[in-house]
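Q: Take a look at the letters that make up each chain.
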Amino acid sequence: MSDTAILVDGLAKRFGDVVALDGIGFEVPAGTVFGLLGPNGAGKTTAIRILTTILAPDGGRAEVLGLDVVRQADQVRQSIGLAGQYAAVDPNLTGRENLRLTGRLAQLPTADARVRADELLGRFELTDAADRPARTYSGGMRRRLDVAAALVQRPPVVFLDEPTTGLDVHSRNALWEMIRELVADGTTVLLTTQYLEEADRLAHRIAVVDEGRVIANDTPVALKAQLGSTVIELGMGDADRAAEAGELLGERLAAQLEREGATIRLATDDGSRLLIDVLRQLGDHELAPATLAVREPSMDDVFLALTGHRAEDAAAAAEEPAGRRAGRGSAA
Amino acid sequence: MTAATAGAAAGTRRVPRTVLAPVRDAVAIAGRNLIAYRRVPQLLVFSTIQPVIFVLLFRYVFGGAVQSLPGVPYVDYLMPGIFVQTTVFGAIGTAIGLATDLKSGLLERFRSLPMARSAVLAGRTLADLTRNVFVTTLMVLVGFAVGFRVHTGALPFLFGMALVLLFGYALSWVFATVGLAVGDPETAQAAAFPVMAPLVFASSAFVPVETMPGWLQPFAEHQPVSVTASAVRALVIGGPTTSYVLQSLAWSVAILLVFAPIAVRRYRRAV
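So the protein lines, in turn, are chains A and B. Counting from 709, one number per residue, gives the positions in the first sequence under our numbering. Counting from 1135, one number per residue, gives the positions in the second sequence under our numbering.
A portion of the hints provided could be inaccurate.
Unchecked claim - Taking beta-carbon pairs under 10 Å as the criterion, some of the chain B residues facing chain A (in silico):
hint : residue
1    : 1193
2    : 1241
3    : 1284
4    : 1287
To be verified - Simulated restraints on C-beta separations:
hint : chain 1 : residue 1 : chain 2 : residue 2 : range
5    : A       : 827       : B       : 1320      : 33 to 41 Å
6    : B       : 1153      : A       : 847       : 56 to 64 Å
7    : A       : 823       : B       : 1320      : 38 to 46 Å
8    : B       : 1152      : A       : 779       : 22 to 30 Å
9    : A       : 779       : B       : 1347      : 57 to 65 Å
10   : A       : 823       : B       : 1152      : 21 to 29 Å
11   : A       : 847       : B       : 1183      : 43 to 51 Å
12   : B       : 1272      : A       : 766       : 30 to 38 Å
13   : B       : 1383      : A       : 779       : 38 to 46 Å
Everything labelled a hint here was simulated from the structure, so no lab data went into it. Glycine residues also receive a C-beta, built at the ideal position from the N, C-alpha and C atoms.
Please construct the entire structure, taking both the sequences and the accompanying hints into account.
A: Next up, the structure:
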């Protein structure tokens, strides 16, 4: 059984003519955050639905804590928590009632469900709003309540489907912090996101998903390293100085160089070495740049390199939230 | 199993699984659905104002022009029809409620929980039955206020109301199927009306079937709303009851037998 919390192997799912999952596979070590990164329609939500026993796969296998999600679905349900793309809370119930209901349905004794609800309300800073109907909550509060509901039965494995979509920066950071705390407590988290920054910040490992397949599976650092180049951008103030500096650096340094007006760009595999050399050369020749920027490859660059299209483009193309309707046709 | 299992799940006690677990889950869901009526009183107000208006309209506006059964005051003819009509219109709530839950993602959460698979539908229909008890009681009081009288006795009257509630319960499963099939509250409402309108109006609920054109009479005479209304009417006014009561029971049971499995299958495939 080792330390694999989630095992997905050759999972396939189609909705009519739409292939949602085309043999997706990955493993998530216990106690880590695993990010499924991909545009809308890539199959992330479908994968989560299968892992949370909501959907049955057409082929392949999926296990949570060694339990088969199809044959041992009921045991799997006792070990997981799910927070979906849309805060799935009952708007007419108060925050407290929502959590108590979830507790009861998770088969907690009524008294335990009450205690647990209060605990989570406190932890997610909802105590003041606990007795207000959830429909009066802000988007951030609803999402916190939704994540709290996912944690009611203290699941060792938590699935978060685009947990920060639509949240403001403050709420997003708070949620990120909560996810880190969960993992510190030993929970395994599988999260999907279209936000490359989010996967980069939170996940120990990222699987880039496109068209129902994993097209890359590595650590954030390694994924970015695949892309290689660090870019150094120098603003020289005017074109003459830029030409002079360009000539000098071109002669002395082994780096790709391009000049555009007053700007010089250099790309290299060894960014810090190059930066030292550039500044030394320019300093020796009284050519100190007016502006200086060093750009590491972003996850967006990684995504573009791997899929041939930008995540934003794909997301914009699938503006309609395909996830909700996946059961009736489209893939998410 | 692993450290992860022991670590995070430790300390979560669970109620032992017994045969009663599905009941407990259904009651929890029903409670949740009933809270909505308390929190959003409009739901209940609108679903009760509308039948009250029907009572007043038919009792005082159209009633004079309606040819009732011989020797029966129109209000006594009307009220059993109103009881049935109220539960039929109320059943749209089942469709709208389930469609809303489906759309909001709540059903997804429920399906990821270790709860009885039957609980969402059982709880929803149980809540709707409870609402129907409340609404029909209210309509009985309104009926009494406008002159409705029971000519037989408390027992036949209560039996008649039980027939109405059973029919309403059976209809809940029809509309549960509709709600899950369309998956959107507005569409659910729009889809429900064409099903209901002929049932309610091409029936003996408001006017005797004999006043309708010949081609319509066979349908109007035997469809479930008519036979249930006629059964209740016979039970409160007096006269032969057996045929209508049996027809009403047969309809309700048949609807349940057909639509409960369809709704359950829909639920399993929904989300």
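Q: Hint by hint, say whether it matches the structure.
A: Hints and how they fare:
{"no.": "1", "hint": "1193", "verdict": "34 Å, violated"}
{"no.": "2", "hint": "1241", "verdict": "8 Å, holds"}
{"no.": "3", "hint": "1284", "verdict": "37 Å, violated"}
{"no.": "4", "hint": "1287", "verdict": "40 Å, violated"}
{"no.": "5", "hint": "A:827 to B:1320: 33 to 41 Å", "verdict": "38 Å, holds"}
{"no.": "6", "hint": "B:1153 to A:847: 56 to 64 Å", "verdict": "42 Å, violated"}
{"no.": "7", "hint": "A:823 to B:1320: 38 to 46 Å", "verdict": "40 Å, holds"}
{"no.": "8", "hint": "B:1152 to A:779: 22 to 30 Å", "verdict": "23 Å, holds"}
{"no.": "9", "hint": "A:779 to B:1347: 57 to 65 Å", "verdict": "59 Å, holds"}
{"no.": "10", "hint": "A:823 to B:1152: 21 to 29 Å", "verdict": "23 Å, holds"}
{"no.": "11", "hint": "A:847 to B:1183: 43 to 51 Å", "verdict": "34 Å, violated"}
{"no.": "12", "hint": "B:1272 to A:766: 30 to 38 Å", "verdict": "50 Å, violated"}
{"no.": "13", "hint": "B:1383 to A:779: 38 to 46 Å", "verdict": "41 Å, holds"}
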